[in-house]
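Chemist: Residue 248 in the working numbering sits at position 247 of the sequence shown, with consecutive numbering throughout.
No lab work stands behind these hints, which were simulated from the structure alone.
Incorrect hints may have been included.
[Unchecked claim] Derived DSSO-like pairs (lysine-lysine); straight-line CA-CA distance at most 27 Å:
no., residue 1, residue 2
1, Lys52, Lys236
2, Lys236, Lys98
3, Lys52, Lys215
4, Lys243, Lys129
5, Lys30, Lys129
6, Lys127, Lys236
7, Lys98, Lys243
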Amino acid sequence: MMSYPSGMTVSTRALIMLTDLLRAHRTSKGTRWRRLDPGRQALLVVAHLRKGETYADLACGFGVGTSTVYRYLREALALLAAMAPTLAQAIEIARRKAHVILDGTLLRIDRVGMTGGRDRPYYSGKHKCHGLNVQVIADPAGRLVWISPPLPGARHDMGAAREHGIIDALNHAEIQTLADTAYQGGGPLVRVPQRRRRIDPDTGRRRRLSATQKAVNTAHARRRGPGERANAELKNWKILRKIRASPTRAGTLVAAVQTLMIANS
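Could you put together the complete structure from these sequences and hints?
Modeler: Written as structure tokens, this is what we have:
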């Protein structure tokens, strides 16, 4: 096999953070020697997450065995996931913002059981594919505040947000929140666009929005737009574009990427 140098759009700060984390972990375990030093192990992990490199490609590029790559990744992902913020910590950060943006996104996955209907909870009718639903909170500039643990992709965004306790937490903390129409009924502090009125019994058609209502929706969309950056940045980590791990392990993967995204910002 051949190897070649490549680049990644990950900040040095994020790489140093992970290197220090791995070094401290090795010290606590009393590890004397490993094939790769903490810096090289951190680079291996980031290459896997950011570029979706396979175990075989990483083994070739770093001069180690595939089993070593597996162990290095499992170790680092667990450490990163443990550092991911909780919802309570995210709410404390959100309190200091003028408002936050709440949005859901689907992470595709292909490791679901297809027999006996076990795949049905993961099939999203909206996206026409299997996936995992994650709820993303971003600040007004589009910087990531929090990513929820994943739920099966068939879950509606509002149902997922309520299950995680996001809606109650935002309303209790009195945080102004911008969201799309999927979060209709989220409480007085969760602002959503104006929807077309009910069907007119005389014409049988839905009444159109007034010019004022359309202007309000335009302003709402303009303020909510930066929140899409957080979702786009999440999927820039190629390992999440199509998850090939078991759904039970996807939570660790998402939490690890979240920790690096926050360090990267």
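Chemist: Please go over all the hints and tell whether each is borne out by the structure.
Modeler: Here is what the structure says about each hint:
| no. | hint | in the structure |
| --- | --- | --- |
| 1 | Lys52 to Lys236 | holds, 11 Å |
| 2 | Lys236 to Lys98 | holds, 24 Å |
| 3 | Lys52 to Lys215 | violated, 41 Å |
| 4 | Lys243 to Lys129 | holds, 14 Å |
| 5 | Lys30 to Lys129 | violated, 46 Å |
| 6 | Lys127 to Lys236 | holds, 18 Å |
| 7 | Lys98 to Lys243 | violated, 32 Å |
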